[in-house]
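Work out the full structure, taking the sequences as your base and the hints as a guide.
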Amino acid sequence: MSLGVNDRPDPGLPASEPPPAPLKARGRVLPSPISGQELVLIAVIAVLWVILAFATPAFFTAGSIQPLLVSTAPIALVGIGMTIIIITGGIDVSVGAAIMVCSVITAKLLVDQGLSLPLAVLVSVIVGALLGAVNGLLIAYGRVHAIIITFGTANVFLFLGLQIFGSNTVNGIPQTFDFFGRGVAGRTLGIPHAFLITIIIAGIAWWYLRHTAGGRHFYAIGGDAHAARLAGVRVQRRILLAYVITGLLVGLGSCFVIAQGTSTLDQSVGTGKELAVIAAVVIGGTSIMGGRGSVLGTLLGALLVQTVTSGVTQLGWNSQLSDLFVGIFIIIAVGADLIRERARRAT
Amino acid sequence: MSATVTDNAPAQDPKPKAGPAAESLGSRLLRALLTQRIVLLSVLIVVVVVVFFIMDSGGYLTAPYDTDYMSSSLINAVPLVMLGLAELLVILSGRGGIDLSVGAIVSLAGMVFGFAYGQWGWPLWFAIILTAAFGGLCGALNGFLVAYIGFPALIATLATYYAFKSLAIVINSQRPISTPPIQELFSITRSVELPVIGGQLPNVPLGIFTFLIPTVVVVWLLLARTTYGRRLYATGTNDVAAKWSGLPVRDTRFKAYVYAGVISGLVAVVTVGQFASARPDAGVSGSGMALPAITIAVLGGVAITGGIGRVAGVVLATLLIVWLNAGILLAFIGNEGSQYQLLALGSVLIFAALLNGITNRRYGGSR
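One line per chain: the protein sequences are B and S, in this order.
Add 660 to a position in the first sequence, counting from 1, and you land on the number used in the numbering used here.
Add 1313 to a position in the second sequence, counting from 1, and you land on the number used in the numbering used here.
Hint data in this document are derived by calculation from the structure and do not stem from the laboratory.
Treat the numbers as computed from the prediction; the structure is a model and nothing was measured.
Hints are all accurate, no fakes.
With the Cβ distance kept under 8 angstroms, some of the chain B side facing chain S (calculated, not the full set):
1) Arg803
2) Val804
3) Leu822
4) Ile990
5) Gly995
6) Leu998
Chain S regions said to be covered by chain B (calculated; three or more residues, Cβ under 8 angstroms):
7) 1457–1465
8) 1479–1486
9) 1605–1613
10) 1653–1660
11) 1664–1670
Just so you know, even glycine gets a beta-carbon here, dropped at the ideal spot from N, CA and C.
Following this line, the structure appears as structure tokens:
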């Protein structure tokens, strides 16, 4: 934990031990359903949308919001899994490469075999889960730091993906995935299916993490894996599960990625997605140290990142500037969280 | 984590206190192989080189894999070693220290170098100093966020990665700078014959002498022969203990990021020379420069938890990867080779990491 200016590190009292609960928290075990960080994020997104609406009248139309929601979906979806991983104190930098493997296998099968929609999604999800299981097994049972293993598997996945591509792009992908796409086929009552599915899964994950014993175990592992083990949590199985869940979501997210693209899939698919996902998660207030975080925050973080990206484009600025703003938002969001944390411990 | 009693000997003590006579030569060798990364890497390098020599003599390679080829492939080692050392400094500083932004600093500092040397016509030495100082400034931003504000290093450098990457592209409207002076810089990648004994040895890329060896020597002196080096190891091993021993923990950690930035600035000059052009995406294209650098550092035995790691490990790890990559390039036709390089890098890293885990359990920590 951080040793800030105001901390007085006392060797007798570990810094991570929370102060005695104040009276107002009487009877409440869970943190409040919506954290301060999430409220701030909602406010920031609202302000950005209002500013954008004034700056470019075209922003507040369905034709602009719907694509925004569609392109938020894959990042937010994979972000749900990444949130669980980061809550356990791990990280997965291989999701970008995993998206590449899932989408190239699925796209090839769509072209060659003409799979139906449910079957294609199933294939993609299974491939994703396998890749996630490789990460999870190595991290949980090899007892190696997650960032090192996933750096390694990222390279291996990239190799797999490029081999399957075979130095060609995949051309002529059929319209099977239009259900998830930007077009009319991808919407019900004006709401894009991709976004709707993401919201539903996020809701399930939110409930699971917050209100089931299994979900709370992830927080326990992130807080102190050793203590969690002594308390009877099967730490290794839980960690494996976190990576498999992320793999499943990567599989589904890859279908969204294919749906958003053109009928051609090239080798750059998934590149840099891992950092975008991690950015969304940390902007959403999930602590990279583990033990704290929520799916709602990740959803808002992904929406903020996508708002900035599409806002910069719509304002006619250089689209590369959006990365600068993403960087600044990460600093502000995490910095505000650090200051709040410090204030909380000072009282 | 369950270290046995005999394993409590001090880290620097080469011989264990009890029971060396009871150990057979074989188990001592195995122990050295597993606990001393430098021994393991040396053995692996020999294995790789021998395997490719055999494949070469069997005619399986598309071009001869000989000492000339190995020597000329060393040009690829220059940025790798330097960035690996930058990561070494940062990871050593502990508390999850890591720098994802080195590639982005290389891009941005490279553009600054391009402006200074290529457009404003500054003298070369002055442009290099400016570039290194600018890299240091970028590193200082990381260091300030991590050491003084208390950001987790992964997040701070992720944020600055985005910021620097974006600035590097925007600063010259996505255009590279390749004016004549920059193009002439390509000459730093040429190979030279060593004086006196050079006749018998293959020619060596000039960048080895102008950038690689000075950086290696300076970082080694810094870590092994200065107070700062001792402080960095102390901070990385246990920053609370270091703080209570009166060490300037924050200042030490801050400087590690600054030095990493300076090294990245120098790498920017090398990269501009190699491309003969200051490219705005030099350090971030593809999987970027940060990931290979971190891989090299970890492969070189740097513990991601901080406080453990040596310059020699990073150098040997780079040699292993560079000569492995060079061989792979000859073993496959077309861009298959570059794909198998990814596989090799990934598998070697996972192998090394798992080995660390086994070593930790069996001998109570690798040294």
